Amino acid sequence: MASTDLVVGDFAIEHAPGHRMRRFFSSAAFWLTIGAFLLFAVFPVYWMFVTTFKQINDLYSLDENPLIFNLAPTLEHVQFLWDQTRYPTWLVNTVEIGVFTVIITLLVSIPAAYALARSRFPGSGTLGIGIFLTYLIPPTLLFLPLSQIVVGLGLINTRWSLVLVYPTFTIPFCTWLLMGFFRGVPREMTEAARVDGCSRLGALFRVVLPVSLPGILTVVIFAFTLTMQEYVYALTFVSEQTEKTVTLGVSADLIRGDVFAWSSLMAGALIISVPVAIAYNFFLDTFVKGITGGAVK
Amino acid sequence: MATVELQHVTKRFGDVLAVNDLNLKIKDQEFLVFVGPSGCGKTTALRMVAGLEQQSGGNIYIGDRLVNDVAPKDRDIAMVFQNYALYPHMNVEQNLAFGLKLRHVGKAEIKRRIDGAAQILALGHLLKRRPRELSGGQRQRVAVGRAIVREPAAFLMDEPLSNLDAKLRIQTRAEIQKLHQRIRTTTIYVTHDQVEAMTMGERIAVMHDGILQQLDTPEALYERPANLFVAGFIGSPAMNFFKGKIVGTPDAPLVDVGLFSVAVPSPQRAAASRALGSEVVYGVRPEHMFVRDGSSPEGVTVEAKVEVVEYLGYEEQVYCSLDSTSFNVRLPAQMRTHVGGRIPLTIPKDRGHVFDAKTEQALAA
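Residue numbers (our numbering), protein chains in the order written: chain A, 17 to 313; chain B, -9 to 355.
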């Protein structure tokens, strides 16, 4: 009753404070909820950050506030990571594996997604779903048969085994994502291109791909992160120090028995996640659009 | 510039026959309109001419060339789409130049053609803008411009005005007509709007259920509809129909619709004489009936009850009833017709149309 805006005169003025109060509480509830989620999401990252730069005495001291720097921040753990472990090599390996995997993924996913999004051929719908289903089979099941293949090809213990294996999960995921983007490109646009002088393939390269560029960049970032965070295949296929990835290297070399080099571990994780977090930030909107694209048209 | 010819063209989508044995020839420099309700096969027919849809049977010729298996890009046609389909990642100039660059037209020639099109369509100040920075009407002009610069054998237009608001649509309608008078490129134009078809087409192909119903000039479609569908589709409001029977003598056949009898119009009299006693449908357009006064033309007069009056300023559309049969008439606005009243309506003797009730075809002249 008090919230009726049409009421004029004393009656409305009398009830205005109640109205304002209710708005205050509803917005307070909103910000509290957001705040709780934010805390939940940001705290691990913050913890990673402070642990990286804390002096060991500060880190293990139980008397002080653990959330702030009680002693001056230090770079010694980053230094240790850089000089005393093979972290730089792992970093290069990770990037190298990521780049090759992304290239293979794009080469396969773009034509596959375009065909599934645009052509109607017998079984095209089933095939689309089939491709996605393969993504749902967990690596913990797949690594056994895949290891046979990797050994058979003589790639065991090299980073190339991962370049071969990682597309098995990036391709289904990226094909599915790209289908959403391609479906969002109006069919008439490719038809206009074909009337204007393109072949079907020409229309894909000259019109569909440039128009879907944000989508493709999103796919690149996500494929790259998927390879970057992978652990099971790396652990099972690679044991050579110089062939390891970051995820494998830091956990294998910075945890000795029950001794955890916490600060260097956190440094290793922080260095590799910051650029990715920034990239995600730029492309999150287009990513969501890719997943929902075509569904809401 | 070229003719476009369709011979026995058929298109099936699964079990649906979208276009059924379509035969027609579009003359060089002609502006031909495909019109019909949605799903009648008009857009499918156009897309088959473009090569975007492969026909299930029949032959398509552009000029003298059989193009059945020719890719869209090699058919020398340009198309304007309903949603314009401009390339969003290119500015207006690049949109216009796209087709020419793919055909390796020289730089100077591209510039000449773009300048020409920009001048005709008043696009000069928009050349550097992206499509998303343009209004609907401007986008529509760019889409037309993209077709013009190609200087193709034929333009194919698929409902190019239906995304514009009413006022802009009428204005652009006139502009497209002017454009055609100026460059005289053979044009096939698809629309569901019979007013657009009547005002723009030199000839109109009326389609229904995948079948060509009648191909003729706007005047002929209006004056001599070939069947019940064309009679009901062309003209707004639609023609009134009364079920009846041919009676009278071979010399003076009449249509008896129960409520009244009216002489068969003279062009159809001979055919009616041969069909005495057969079931027919008598059609008369709302604008051809008059309220009887001293100067009314000869005809039959009925007392109709006024049910609804729609006042439009320059005229009024009056929904009447005669016993249980309802029909409408267009009367001058100064009539000031009153709902519930009765008016004496004259149906002039030669303005009606008689159709065979079974075949739905007009009685042949």
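Any given hint could be a false lead.
[Said to hold, decoys possible] Label-pair distances were calculated between CB atoms; the ranges are:
(1) A:119 to B:102: 55 to 63 Å
(2) B:161 to A:137: 42 to 50 Å
(3) A:221 to B:4: 26 to 34 Å
(4) B:6 to A:300: 54 to 62 Å
(5) B:55 to A:137: 24 to 32 Å
Because the hints were derived from the structure by calculation, they are not lab data.
Computed from a predicted structure; not experimentally measured.
Quick reminder that beta carbons are idealized off the backbone N, C-alpha and C, glycines included.
Hints, one by one, checked against the model:
no.	hint	verdict
1	A:119 to B:102: 55 to 63 Å	violated (43 Å)
2	B:161 to A:137: 42 to 50 Å	holds (44 Å)
3	A:221 to B:4: 26 to 34 Å	holds (32 Å)
4	B:6 to A:300: 54 to 62 Å	violated (43 Å)
5	B:55 to A:137: 24 to 32 Å	holds (30 Å)
Checked against the numbered hints above, the structure breaks hints 1 and 4 and satisfies the rest.
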